[in-house]
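Protein chains in written order, with my numbering: chain R, 1 to 478; chain G, 1 to 510.
Hint data in this document are derived by calculation from the structure and do not stem from the laboratory.
Among the hints, a few may not be true.
As the list claims (entries may be wrong) - Within a straight-line C-alpha distance of at most 20 Å, the following computed DMTMM-like cross-link-like pairs (lysine to aspartate or glutamate) qualify:
hint: 1; chain 1: G; residue 1: Lys-480; chain 2: G; residue 2: Glu-106
hint: 2; chain 1: G; residue 1: Lys-191; chain 2: R; residue 2: Asp-317
hint: 3; chain 1: G; residue 1: Lys-191; chain 2: R; residue 2: Asp-468
hint: 4; chain 1: G; residue 1: Lys-307; chain 2: G; residue 2: Glu-367
hint: 5; chain 1: G; residue 1: Lys-480; chain 2: G; residue 2: Glu-367
hint: 6; chain 1: R; residue 1: Lys-156; chain 2: R; residue 2: Asp-146
What the hints assert, rightly or not - Label-pair ranges, simulated between beta-carbon atoms:
hint: 7; chain 1: R; residue 1: Asp-146; chain 2: G; residue 2: Glu-106; range: 21 to 29 Å
hint: 8; chain 1: R; residue 1: Asp-146; chain 2: G; residue 2: Glu-27; range: 39 to 47 Å
hint: 9; chain 1: R; residue 1: Leu-462; chain 2: G; residue 2: Val-286; range: 43 to 51 Å
hint: 10; chain 1: R; residue 1: Ala-149; chain 2: G; residue 2: Arg-160; range: 48 to 56 Å
hint: 11; chain 1: R; residue 1: Thr-403; chain 2: G; residue 2: Ser-421; range: 54 to 62 Å
hint: 12; chain 1: G; residue 1: Leu-49; chain 2: R; residue 2: Asp-468; range: 52 to 60 Å
hint: 13; chain 1: G; residue 1: Arg-160; chain 2: R; residue 2: Pro-200; range: 31 to 39 Å
hint: 14; chain 1: R; residue 1: Asp-468; chain 2: G; residue 2: Thr-7; range: 18 to 26 Å
hint: 15; chain 1: G; residue 1: Arg-498; chain 2: R; residue 2: Leu-203; range: 39 to 47 Å
hint: 16; chain 1: G; residue 1: Ile-290; chain 2: R; residue 2: Ser-440; range: 42 to 50 Å
We put the CB at the ideal spot given by N, CA and C, even for glycine.
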Amino acid sequence: MTSSFNAIVPMACVTAAGIAAMVAEAFRDPGERMPIAGLGAVGLIGAAIATVLLWNHDTSSFGVVVADNFGLFVTGILIVVGLLTLAFSGPTIERERLPGGEYYALMLFALAGMMLMATATDLVVIFLALEVLSLAVYVLTGIRRDSPASAEAALKYFLLGAFSSAFFLYGIALTYGLAGSTRLDRIGSLIAAQALSPTPMQLLALGLLLVGFAFKVSAVPFHMWTPDAYEGAPPAVTGFMSTGVKAAAFAAFVRVFLAAFDPLQHEWWIVLWLIAAATMIVGTVVGVAQSSVKRMLAYSSIAHGGYLLVALLSANDVGKGAVLFYLLAYAVTNLGAFGVIAVLEHEDAANDHVRDYAGLADEHPVLAALMTVFLLSLGGFPPLAGFIAKWYVFSAAVKAGYTGLAIIGVLTSVVSVFFYLRIVVMMYMTPREAPVRVPSLPRVAGLALVVSAILVFYLGILPTRVLDWAAASISTIF
Amino acid sequence: MPFPILTSLIALPIAGALLLLFVGRDEQHAPLARRIALVVSVLVFAETLLLWSRFNASSADFQFVERHAWIPAFGISYYVGVDGISLFLLVLTGFLTPLAFLGSWESVHSKTRAFCIVILLLESAMIGVFVSLDLFLFYVFWDAMLIPMYFLIGIWGYDRRIYAAVKFILYTMAGSVLMLLAILSLAYLQKEAAGSYSFDLLRLYELDIAPSQQFWFFAAFALAFAIKVPLFPFHTWLPDAHVEAPTAGSVILAGVLLKMGTYGLIRFAFPLFPQAAAFFAPKLAVLAVIGIIYGALVAMVQPDMKKLVAYSSVSHLGFVVLGIAAMNTQGVQGAVYQMLNHGVSTGGLFLIVGMLSDRRHTRLISEYGGLKSVMPRLVAVFLIVTLSSIGLPGLNGFVGEFLILLGAFRWDPTMTAFAASGVILSAAYMLWMFQRVNYGPVEHEKNLRLPDLQPREWAVIGPIVAAAILMGVLPNLFLKPIEPSVIRLVNQVQQGQRSPTRIQAGLGPR
């Protein structure tokens, strides 16, 4: 009986830390500084230990949460995301005088929701997890209450998000009506039995679920909220959203589409093909036209969602492993980039325009070098994590016979290099007109940036171990 | 275990770059940074010479092979080795890098430490490209090399440096990503044929690929290499990159980077896909001949010396591609030799143009004239390097061009006749430029009191002149080690073209 709780220990640790953060905030004297972020870190480390202990045990709780290696790998990614976000949040919270307890509590609850989403094997639980993480992230987006941009972003995100949740829920309802169950394995076996002649109802249910997922991973044409939300939120939150939410949503996406709805692949592949192609193209082409760094990275994250969709669509062993590796590589790299943005933000200067990066290499060479590493990795240059990740994705596509998609993928990644390099050009090759105002580098955030950069190099030069883990993870569920 | 000489060649410049991180960033530490970089690059050169001396010239096999599993799940390994074709490209890389440092000793005034780091990293990546025997590893070095070159042009270049740097990196990337897909597809074909992934070049050589597939593979590889060479009509990035790059950048770009394209054709595109190569070779040759004549004609009308030399590269590399397309022993051997010659003579020309522009801060031919009476020594070496570029017998350029034309004539006399006109054209534009710069009266007052060659500049240009003469007088010193590998390669390609199911060529140990 006790074993049935084991699978939820990681998210329980994070939830407990979240509650502790809330309580600590309640007992905090005004103006008192408390190491609330430390609480979060303790919770996340607890979750990490639990994850390591659960590895290879395939534990299941209540029949709806399964701590298989796939879910645990994503949980691991989420722990990395959480720890790095905690480190990058400090400067923003201090500068903007945000309520620290609330901020960290929301972040930890969102993380718990993400972990649940990654390990859930029941559509209702997936929906529950989706709502837990979404609500927390909506609030985080608008946590700068006095900033109109932040409020606008949160409202847009919330309205569209609620809309898409409704789609998702309707899809679940239809699926339940068809299968008489919301458990993924039962849905899968039922659909497999009728796969040759899918009913319109099945296709409708499939389509509605697809819309829900496409929104969460900001795939074109459901990406409209992304640039606004990413621009309005504080950079640490944006980094968190663009990596954590994506990781959790893709984990559930893979489970639902490659486990339950896999027999219908001949129906959904063409839709997903078009979505993936459109996502890569729109993300990069529109990204070229941006002058705000956060907006640019928002479009870049849309494009990266497209690459992940290519891996998902390929649906072979390589593709499934590629989703996991890509999520990790992307999480480390993108969080690093947003970490730099977070550190650079200044009380009187947002430092968000591409032009604000002019001459950064002279003023702050270490920060500029780190940013360059992250941007080049996003662009997919060896020997960095982004290169191996993209190579893995395109291998999967080539193996699955989606050569056209692979060609679109490599060409869009060349286009994306153009806008990543714009920042590098600014930092290294353009002299600054006005004296730059770079805040001093906070120690924790600086350390986290260096750790991210080391991870980016590690995943790029010695990816073998992590690739093996990713391969081992997917073998447990498919 | 024998000493891993190739790995140490790749690692030494990186180690030097890391060492430089400990030197202060301020410009007051610049002399120290320069010295460290120079010492490291000279050590690398010495090591390439050591490699040459240990190289078994009578063997066609890959030597100094090192192999370690890297990503075993995909059959990717760290697999390096050197044969006659790549040996001298390594020596050339080692030879030109210290000269590039010395040549920009006084012209780089800002961020000197970063400059040194970037060039050392570039050297590492270039060496990596030439020694990789694993396609994945090759691609990693091939792509990684773009970043330091991008910074080199973008930070230390001239006025339109950013435009040139971005154009350079986007052009080359656009070409190479399709090659990446082709490499991936090859590995999957290998898995289907042999049961496991492999990026091992020697095993992929033996892979049986249907001619229709070969067509696409060859097209993807050849596009990447044609942009790098650059072959007409993919050459438009080159004049921009050359003109805007600092002297060191131009020297390395012309001297080594362009050779990666022709090296790729020899090492990868032709032997991997021999049947497609037979189909594409005449087309490549046509483009090469167009490039030879077009490059020469455009070079003739350039007012800017650097641009003139840049277009002359388009013309000269056209010869190299023609030799490769001929795919016989003389043609390929001449191509490999001409790659070295071009590195030496064009590197030398860029260094001399750099010296002139250090003195006068202009590269326009019309700003000079009559330099012979002002700087007799500089003009003397300028003449030698010019003649070497033209291909005067007794100097290096002659041997390579002659072999290429010989090989090409055996293959396609008409094409060769057109190409041969490029020899005359190159004499015309080079000598005309030389005459306008150096002869006649001194027309600009500023030119009257220019200093002649400094000791440092002797150290820069002396080795170039020595190499040009040595390679012209004793070509066998170089051609002997090249020959066995070239013969094996040509046999391998021809066998692949003859038989529908390919016979295993006599490949080295694996």
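Hints, verified against the model:
| no. | hint | in the structure |
| --- | --- | --- |
| 1 | Lys-480/G / Glu-106/G | violated (39 Å) |
| 2 | Lys-191/G / Asp-317/R | holds (14 Å) |
| 3 | Lys-191/G / Asp-468/R | holds (18 Å) |
| 4 | Lys-307/G / Glu-367/G | holds (15 Å) |
| 5 | Lys-480/G / Glu-367/G | violated (45 Å) |
| 6 | Lys-156/R / Asp-146/R | holds (17 Å) |
| 7 | Asp-146/R / Glu-106/G: 21 to 29 Å | violated (56 Å) |
| 8 | Asp-146/R / Glu-27/G: 39 to 47 Å | holds (45 Å) |
| 9 | Leu-462/R / Val-286/G: 43 to 51 Å | holds (45 Å) |
| 10 | Ala-149/R / Arg-160/G: 48 to 56 Å | violated (37 Å) |
| 11 | Thr-403/R / Ser-421/G: 54 to 62 Å | violated (42 Å) |
| 12 | Leu-49/G / Asp-468/R: 52 to 60 Å | violated (41 Å) |
| 13 | Arg-160/G / Pro-200/R: 31 to 39 Å | violated (60 Å) |
| 14 | Asp-468/R / Thr-7/G: 18 to 26 Å | holds (24 Å) |
| 15 | Arg-498/G / Leu-203/R: 39 to 47 Å | violated (54 Å) |
| 16 | Ile-290/G / Ser-440/R: 42 to 50 Å | violated (58 Å) |
Of the numbered hints given earlier, the model fails hints 1, 5, 7, 10, 11, 12, 13, 15, 16; all others are met.
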